[in-house]
Amino acid sequence: MRQQSHLFKETAKQALADPTLKIALNRTTGLLQRRRAQVIDEFPEYAEARAAAEKIKTHTLEHMAHYLAQFEANAIAAGAQVHWARTPKEASEIVIRICREAGATSATRVKSMLGEEIGLPDALSEAGIERVETDLAEHIIQLAGDPPSHIVMPAMHKTHEQVAELFREKHAEPSEDDDVTSLVESARRELRQKFLGADVGISGANFLIAENGSIVTVTNEGNAELTVTPPKTHIVTAGIEKLVPSLAHATVFLRLLSRAAIGAEITQYTTFYNGPKRKDDADGPEQMHIVLVDNHRTEMLGSFLRPMLRCIRCGACMNHCPVYASVGGHAYGAVYPGPMGSVLTPAMRDLKSTKHLPNACTLNGRCKEVCPVNIPLTDMLRSLRARQHDAGLTPPVTKWALRGWGWLARRPKLYHRVTGLAVFVMRVWSMNKGRIRRFPMAGNWTRHRDLPQPELGTFMQQYKRRQGK
Amino acid sequence: MTDARPARPMVGFFVTCIVDAMRPNIGFASLKVLEAAGCDVEVPAAQTCCGQPAFNSGDDAATKALAKQVIAAFEPYDYIVVPSGSCASMIRSHYGELFVGDAEWEARQRAVSDKTWEILSFLTDVMGYLPEGVRYDGVATYHDSCSGLRDLGVHDQPRKMLAAVEGLSLTPLEGHNECCGFGGTFCVKYSDLSNAIVTDKSEKVEATGADMLLGGDMGCLMNMAGKLNRRGAEVKVYHTIEVLAGMADVPAICKPEKMR
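Going down the list, the protein sequences come from chains E and X. Under the UniProt record's numbering, the first residue of the first sequence carries the number 1, and numbering increases by one thereafter. Under the UniProt record's numbering, the first residue of the second sequence carries the number 1, and numbering increases by one thereafter.
None of these hints come from the bench; they were simulated from the model. Among these hints, one or two may not hold up.
Claimed, not checked - With a Cα cut of at most 30 angstroms, we get these calculated DSS-like pairs of lysine-lysine:
| hint | chain 1 | residue 1 | chain 2 | residue 2 |
| --- | --- | --- | --- | --- |
| 1 | X | Lys68 | E | Lys413 |
| 2 | X | Lys32 | E | Lys368 |
| 3 | E | Lys194 | E | Lys89 |
| 4 | X | Lys189 | E | Lys368 |
| 5 | X | Lys64 | E | Lys413 |
| 6 | E | Lys368 | E | Lys22 |
| 7 | E | Lys352 | X | Lys204 |
| 8 | X | Lys64 | E | Lys433 |
| 9 | X | Lys32 | X | Lys189 |
| 10 | E | Lys464 | X | Lys32 |
| 11 | E | Lys352 | X | Lys32 |
| 12 | E | Lys9 | X | Lys160 |
| 13 | E | Lys399 | X | Lys64 |
| 14 | E | Lys22 | X | Lys160 |
| 15 | E | Lys279 | E | Lys232 |
| 16 | E | Lys368 | X | Lys160 |
| 17 | X | Lys189 | E | Lys399 |
| 18 | X | Lys189 | E | Lys9 |
| 19 | E | Lys232 | E | Lys277 |
| 20 | X | Lys204 | E | Lys433 |
| 21 | X | Lys189 | E | Lys22 |
| 22 | E | Lys413 | X | Lys32 |
| 23 | E | Lys464 | X | Lys160 |
| 24 | E | Lys13 | X | Lys160 |
| 25 | X | Lys32 | E | Lys433 |
| 26 | X | Lys68 | E | Lys399 |
| 27 | X | Lys189 | E | Lys13 |
| 28 | X | Lys68 | E | Lys464 |
| 29 | X | Lys64 | E | Lys368 |
| 30 | X | Lys160 | E | Lys433 |
Said to hold, decoys possible - Selected chain X positions facing chain E (Cβ under 10 angstroms, derived; list incomplete):
| hint | residue |
| --- | --- |
| 31 | Asp20 |
| 32 | Ile71 |
| 33 | Glu132 |
| 34 | Tyr136 |
| 35 | Ala164 |
| 36 | Gly167 |
| 37 | Ser191 |
| 38 | Asn195 |
| 39 | Gly246 |
| 40 | Met247 |
The C-beta atom is built at its ideal place from N, Cα and C for all residues, glycine as well.
Pulled out of the complex, with its shape left as it was, chain E reads as follows (with noise of 0.2 angstroms):
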């Protein structure tokens, strides 16, 4: 997708004024928040599983070199091809390669927001092979020709009643009906020859297990297995940060993921792959590579931005921030949205062309709350701001406002005068009617907002005049 983080004010602006978004988002993340406080609520060890968690990423990120090379080393056993990766364009380029390699012309895909952040449908197509997205979510924006808004449901900005219209447009056989079961029969007839003639396949992974060297994927439709089997290739490609030590680290996961994701206790389908087909097997791709990347990550693991790297994408930060549900996913201008992707697309770009997004948050504090590996969400975008701050990234008016209120509130006797006279002006400006419409220089509440009369005196000078007495 197409990085325009700088571009936030007019892009948000944009979304507030579709109708249509806001009846999307309000549809699903209300759905989603209702029915992930009924499982956690369900879950009686969800403090142990969430502690658990977090403290299984945080030692395999201690030690991650270590748990990539056992990975490696027994993914290879299995019989895998293991590729690294530090760019983006350096990953999307393995997977161009092992697909000219496999001469491909056409290849399925398994939703994966790895191969959003490493560039990957535009590099297919470039690439000149037929790019087949088989989740339906996926299917639908590629159809419409956006990106993801979500990172665990891509089509969250649009509703059922546009995805139908869509469908009519370009299905060979469309359904006549508009409920969902019609359109996921339409997309069904639509993408299953497709499924088979596939040469390569292309999955992300949920999940590294170090000690055997699986990849594990979870979903709900089984597209997955559908298109990593039938093809002779199976590419895979992971950021490092997925890593597990061992398959019963990853069950801890496997249990906290859908219910903060979509608040079900499992899904559909959760797939252990360990290398390609065996001699006796009677299906599978003949070859399994597996493309590691790292784009920034390493360099998080250093810095305060660490924690970030046990997020396991399940979307619930972005399902319970306000924003978010104001805006949806296109407006941040990123392969990631909501509150995780405002820690790392910084971190992945740079401080400039991203500052809106540390700063286009309330700091509620809501996605700390529901993250289900108790990421310091809030914490590190105001990390991010102190950053920005430093790197003198802070807008001039906003920079010498605060200054000229620090420089103020460290005077309290001037201070208390100045915001005495600047009461007294207020009261006089709103006329004794309770409230002010319009105030210079407070244009940003007013516009949307009145502000009160204030009282005769400020606290201090009341306080004071109730104490000579």
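Position chain X against the provided structure of chain E, taking the given hints into account.
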């Protein structure tokens, strides 16, 4: 902490910059209830702002200077009580991030942070206070401000005290734990976004049919009252402590004085 509570604790009251300027009634209501709960209360004159606007804007040096001023002004007291979850949380939960590696200030900061309380939780959890003989006839709904709720665990305390107010009933607010869109400087820096969030909140408040919206943070209350009033809603917005003090007889936030 409650174990070592003095019989008649000396409380340093931190009024907060927003209450000081925009709603002194909250400050006086706080003094009244704190005294009724058995505290001696002083208001140090050398107080201004806790530094939160600078902190949330990433200016750690300015924050540190203001934090030192707060620490120096309030260290003599048994408790520091604040009529705001977000300012209390700034002192209690975030000051610690400022003085890492500065042994002297770290110790002074920790002592002050540990005895700083949001007023509604202080009254309930430390003083075991319940209002007596306070009456307010009406139906109220309650908004839980984010910092108080998530950083300080303020949730049951106001509800418990409000249940002791005669004539008052509480009706639940859908999304009571969702941000109102204030967010300090966020509401002016991202004015349209903030407006979208507070519009949603206002719709939910209006849907309760309550006469009154209560909460514990003047920033959020001012945001919601300002929006509700702009929408022409009748609902009256007060800080919880104004009701608990029996001082919700003044005009609600953004409402005019009654014609007599």
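Status of the hints after comparison with the structure:
no.: 1; hint: X:Lys68 to E:Lys413; in the structure: holds, 17 angstroms
no.: 2; hint: X:Lys32 to E:Lys368; in the structure: violated, 36 angstroms
no.: 3; hint: E:Lys194 to E:Lys89; in the structure: holds, 27 angstroms
no.: 4; hint: X:Lys189 to E:Lys368; in the structure: holds, 23 angstroms
no.: 5; hint: X:Lys64 to E:Lys413; in the structure: holds, 19 angstroms
no.: 6; hint: E:Lys368 to E:Lys22; in the structure: holds, 24 angstroms
no.: 7; hint: E:Lys352 to X:Lys204; in the structure: violated, 37 angstroms
no.: 8; hint: X:Lys64 to E:Lys433; in the structure: violated, 39 angstroms
no.: 9; hint: X:Lys32 to X:Lys189; in the structure: violated, 36 angstroms
no.: 10; hint: E:Lys464 to X:Lys32; in the structure: holds, 16 angstroms
no.: 11; hint: E:Lys352 to X:Lys32; in the structure: violated, 49 angstroms
no.: 12; hint: E:Lys9 to X:Lys160; in the structure: violated, 42 angstroms
no.: 13; hint: E:Lys399 to X:Lys64; in the structure: holds, 16 angstroms
no.: 14; hint: E:Lys22 to X:Lys160; in the structure: violated, 36 angstroms
no.: 15; hint: E:Lys279 to E:Lys232; in the structure: holds, 14 angstroms
no.: 16; hint: E:Lys368 to X:Lys160; in the structure: holds, 27 angstroms
no.: 17; hint: X:Lys189 to E:Lys399; in the structure: holds, 12 angstroms
no.: 18; hint: X:Lys189 to E:Lys9; in the structure: holds, 10 angstroms
no.: 19; hint: E:Lys232 to E:Lys277; in the structure: holds, 9 angstroms
no.: 20; hint: X:Lys204 to E:Lys433; in the structure: holds, 26 angstroms
no.: 21; hint: X:Lys189 to E:Lys22; in the structure: holds, 22 angstroms
no.: 22; hint: E:Lys413 to X:Lys32; in the structure: holds, 25 angstroms
no.: 23; hint: E:Lys464 to X:Lys160; in the structure: violated, 33 angstroms
no.: 24; hint: E:Lys13 to X:Lys160; in the structure: violated, 41 angstroms
no.: 25; hint: X:Lys32 to E:Lys433; in the structure: holds, 28 angstroms
no.: 26; hint: X:Lys68 to E:Lys399; in the structure: holds, 21 angstroms
no.: 27; hint: X:Lys189 to E:Lys13; in the structure: holds, 13 angstroms
no.: 28; hint: X:Lys68 to E:Lys464; in the structure: holds, 24 angstroms
no.: 29; hint: X:Lys64 to E:Lys368; in the structure: holds, 25 angstroms
no.: 30; hint: X:Lys160 to E:Lys433; in the structure: violated, 34 angstroms
no.: 31; hint: Asp20; in the structure: holds, 4 angstroms
no.: 32; hint: Ile71; in the structure: violated, 13 angstroms
no.: 33; hint: Glu132; in the structure: violated, 24 angstroms
no.: 34; hint: Tyr136; in the structure: violated, 20 angstroms
no.: 35; hint: Ala164; in the structure: violated, 26 angstroms
no.: 36; hint: Gly167; in the structure: violated, 25 angstroms
no.: 37; hint: Ser191; in the structure: holds, 4 angstroms
no.: 38; hint: Asn195; in the structure: holds, 4 angstroms
no.: 39; hint: Gly246; in the structure: violated, 18 angstroms
no.: 40; hint: Met247; in the structure: violated, 12 angstroms
Figure legend: structure checked against the earlier numbered hints; hints not met, in rising order: 2, 7, 8, 9, 11, 12, 14, 23, 24, 30, 32, 33, 34, 35, 36, 39, 40.
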